[in-house]
Amino acid sequence: MQKELWKGNEAIAEAAVRAGCKAYFGYPITPQNEIPEYMSVRMPQAGGVFLQAESEVAAINMVYGAAAAGVRAMTSSSSPGISLKQEGISYLIGAELPAVIINMMRGGPGLGTIQAGQSDYFQATRSPGHGDGHMIVLAPASIQEAADLVAEAFDLADIYRNPVMILADGMIGQMMEPIVWREKKPVELPKKDWAATGREADGKTHFVTSLRLQSAQNELFNQELMDKYQLMTQQEIRWEAHDCEDAQIIIVAYGTTARICQSAARKLRQEGIRAGVFRPISLWPYPYEALRALAAQSAVQSVLTVEMSLGQMVEDVRLALGGLKPTPFYGRTGGMIPETDQVADQVRQILQEVKA
Amino acid sequence: MSKIVYQRSPGLKDVETHYCPGCHHGIVHKLIAEVLTEMDLLDSAVGVCPVGCSVLAGDYFNCDFIEAAHGRAPAVATGVKRTHPQLPVFTYQGDGDLASIGAAEIMHAAMRGEKFTTIFINNAIYGMTGGQMAPTTLEGQKSTTSQSGRDRALHGLPVRMAELLSTLDGMAYAERVCVADIPNLNKAKRAIKKAFTLQQEGIGFTFIEVLSTCPTNWGMSPVESGQWVKSTMSQYYPLGVIKDVEVPA
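Protein sequences, first through last, are from chains A and B.
So this note's numbering is basically just the index in the first sequence, starting at one, shifted up by 163.
So this note's numbering is basically just the index in the second sequence, starting at one, shifted up by 4.
Chain A extracted, bound-state conformation (with noise of 0.2 Å):
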């Protein structure tokens, strides 16, 4: 197959149309743009909707719509839009809506940096929207990773009836590199019998709400979100182990900076340190056993944790491993990204305090 050079926005559109996305509502935010700007050429071509929407608000409301009414739609934005779109979200759970959106990641707090940045893992794992609810998070290492993973996200939304986040940093976005388009497995996806477009023929009315006034019948409801969240911690769980066999220290991190983590860790072989990354692709579901299992390996001294944040994926990484072993941290924030050299200089002076 031949291999193509995308931008990463426009390769996360582009796979969106070609995984059947006939809706899609966005806002104008750096650093995405080039997904709205490209859909709004290419959706029409595809047979599918593009509207710029009045706010961020607007857009995951109007993802909503389309969702209500059988089809599939995304929504794209980036930090500050995201805790917009946080509503919507919510709403999208509680009716049990598919849809995909796209964070982009920027440096926060605030209005904070356009510069990229992971410090949206609280917002996207631990609290998608108010109220008890979860999401599928995705976060791709590689403009191929996040083609393939944006094709995914429309059939994991579909099957779970649940919102899918691809959580990206803006990177990501702007990188540009070659890519392979992929034929897509064709997968068995339940019927939309819910959607709302129109009676069926025995007079069958469809009320998509995410309203339940009974308690007892909310709690049951929430019962059986749990459920599926079961489900997906059981199914959906995806992480990437590199150089973990033998690892004195494993390097946890993910998108981007797993593959800055990466380079260090090769680095530092040659040097005669054997250093591993283990990279969660899912953020929610975590892969907490797999870290758990390779950081348990007798080798290990160290699970170091390296993010654009000031340490919240950390918190995964410390909950898998309970103790086990030493969990430090690294990080560089406010769309600052950490080099390869700061990174194994952390490596080392971690190795030599558990020497002293």
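Because the hints were derived from the structure by calculation, they are not lab data.
Where a beta carbon is used, it is the ideal one built from N, C-alpha and C, also for glycine.
A short, non-exhaustive set of chain A residues, derived as facing chain B with CB atoms under 7 Å:
#1 A221
#2 Y227
#3 G228
#4 V234
#5 E250
#6 G361
#7 R362
#8 V371
Using the hints provided, position chain B relative to the given structure of chain A.
Leaving out everything else, chain B in the frame of chain A:
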């Protein structure tokens, strides 16, 4: 031989509503249901209900419904109508929902000339949450958050949404009606029917504002409430056609 002179519209489900005695929601529901039935749209119509007293409207109408977040019904309806242009789509929104928290969404739907219909229930108060001041609460009108009456120095004067939205080119047809007596009720039904007809013709955004009652939170009897709509509310919110785009034949 007996014959049926009046019966529940097939556009409504055979259920009791939760609306208070004297509230006009039930009457407006009935008029919409009759219009959808007469226009043979019950099989294809998709309604979007708001947050407010009519949050459960989807349980009462005999057509498909989507419950939106507070104020977002026009955005939700946009998502439905843009992806299914053949379906008749309408939002049903109260004044807190439409004129306050959802002011941006209704404004931009009208601006874009979205081809759905909005039924706007203006009862000058927040009903479901217990009678707080709305953007439509009249000057001097008492509410649980304006207990000495709405003060223009503090809150400004109420907003006339039909007039405001009619300044936008995307608005094809806007009319303000009430259902406080039979002649007005008949006018209201004609207005609703015209709005759905224009929608079916793809003309543009259509908007019916219904001056409505809230006896519970107004502290009036149902009869007094209906009279207050005619004597007081309609003074500030004049009834009639606000905008009607003439379409060249």
